[in-house]
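Hey, can you work out the whole structure from these sequences and the hints?
Going line by line, the protein sequences match chains A and B.
Going by our numbering, the residue at position 86 of the first sequence is 86; the numbering climbs one at a time, nothing skipped.
If you want our numbering, it's the 1-based position in the second sequence plus 1000.
No lab work stands behind these hints: they were computed from the structure.
Careful: at least some of the hints might be erroneous.
[Claimed, not checked] Distance ranges between label pairs, derived from CB positions:
1. Gly3/A to Ala1079/B: 24 to 30 angstroms
2. Glu1003/B to Lys57/A: 17 to 23 angstroms
3. Val74/A to Asp1027/B: 41 to 47 angstroms
4. Leu1011/B to Gly59/A: 28 to 34 angstroms
5. Gln84/A to Thr1026/B: 30 to 36 angstroms
6. Ala1078/B to Glu20/A: 43 to 49 angstroms
7. Thr1058/B to Lys15/A: 18 to 24 angstroms
[As the list claims (entries may be wrong)] Counterexamples of contact, computed for chain A against chain B with all Cβ distances above 10 angstroms:
8. Lys15
9. Gly16
10. His29
11. Gly42
12. Asn52
13. Asp63
14. Phe65
15. Gln80
16. Arg81
17. Ser100
18. Val114
[Stated by the list, open to error] One-sided excerpt, in silico: chain B residues whose CB lies under 10 angstroms from chain A:
19. Ala1091
20. Gln1093
21. Thr1094
22. Gly1104
The beta carbon of each residue, even a glycine, is placed where N, CA and C say it ideally should be.
Read off the chains here:
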Amino acid sequence: GAGVSQSPSNKVTEKGKDVELRCDPISGHTALYWYRQRLGQGLEFLIYFQGNSAPDKSGLPSDRFSAERTGESVSTLTIQRTQQEDSAVYLCASSLGGSSNEKLFFGSGTQLSVL
Amino acid sequence: KQEVTQIPAALSVPEGENLVLNCSFTDSAIYNLQWFRQDPGKGLTSLLLIQSSQREQTSGRLNASLDKSSGRSTLYIAASQPGDSATYLCAVQTGANNLFFGTGTRLTVIP
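The structure is reproduced here in structure tokens:
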């Protein structure tokens, strides 16, 4: 596609339920990133994929968070047993090769609200 | 750990004014510094990327400078327009394909 696509754009869930957030990167981009942005705060790095591998998972806040990527394309971020503090905008970004001087292209994000 | 600070947090200016947004970072060992804009309900749009060996980058009415040794960058916007209203985010990349973001400056350009 022309840009990074994320779905759903909005998700409201009840505390304790599991959610899946999807990211479709720009076609041909090998690097994919997930970030979280809480209200009024900066972006927090969650995880980075190079191809289907995740060399850096250092930002995942707990074992309730997991992510996978398949076909060097679509990625899914799963949050199990959601808590209210998980409420945030989850942003996905991709870049061409993952080198250190490439621009990142961001999706519009998924607004997650945990009631 | 790298910390990125942006000042001011919010700024309102009348249309046509030139303005400067500031960004500072604590660790000068960076690969690059990027400026993004974020519109409500939308993702981030990359504006400018300055590599660590560069001093500035320009795109249209935007000019970004980088002083790596002092840990500072500025984004200069000339002849501001209402369409420039957005949140501007500064981010530094430090190896390992990770960006450290500031909390942004919310800019309002008043017609």
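Hint by hint, here is what the structure shows:
{"no.": "1", "hint": "Gly3/A to Ala1079/B: 24 to 30 angstroms", "result": "holds, 28 angstroms"}
{"no.": "2", "hint": "Glu1003/B to Lys57/A: 17 to 23 angstroms", "result": "holds, 22 angstroms"}
{"no.": "3", "hint": "Val74/A to Asp1027/B: 41 to 47 angstroms", "result": "violated, 34 angstroms"}
{"no.": "4", "hint": "Leu1011/B to Gly59/A: 28 to 34 angstroms", "result": "holds, 30 angstroms"}
{"no.": "5", "hint": "Gln84/A to Thr1026/B: 30 to 36 angstroms", "result": "holds, 31 angstroms"}
{"no.": "6", "hint": "Ala1078/B to Glu20/A: 43 to 49 angstroms", "result": "holds, 44 angstroms"}
{"no.": "7", "hint": "Thr1058/B to Lys15/A: 18 to 24 angstroms", "result": "violated, 48 angstroms"}
{"no.": "8", "hint": "Lys15", "result": "holds, 25 angstroms"}
{"no.": "9", "hint": "Gly16", "result": "holds, 28 angstroms"}
{"no.": "10", "hint": "His29", "result": "holds, 12 angstroms"}
{"no.": "11", "hint": "Gly42", "result": "violated, 4 angstroms"}
{"no.": "12", "hint": "Asn52", "result": "holds, 15 angstroms"}
{"no.": "13", "hint": "Asp63", "result": "holds, 21 angstroms"}
{"no.": "14", "hint": "Phe65", "result": "holds, 17 angstroms"}
{"no.": "15", "hint": "Gln80", "result": "holds, 24 angstroms"}
{"no.": "16", "hint": "Arg81", "result": "holds, 27 angstroms"}
{"no.": "17", "hint": "Ser100", "result": "violated, 4 angstroms"}
{"no.": "18", "hint": "Val114", "result": "holds, 19 angstroms"}
{"no.": "19", "hint": "Ala1091", "result": "holds, 8 angstroms"}
{"no.": "20", "hint": "Gln1093", "result": "holds, 6 angstroms"}
{"no.": "21", "hint": "Thr1094", "result": "holds, 9 angstroms"}
{"no.": "22", "hint": "Gly1104", "result": "holds, 7 angstroms"}
The structure fails to meet hints 3, 7, 11 and 17 from the earlier list, while all remaining hints are met.
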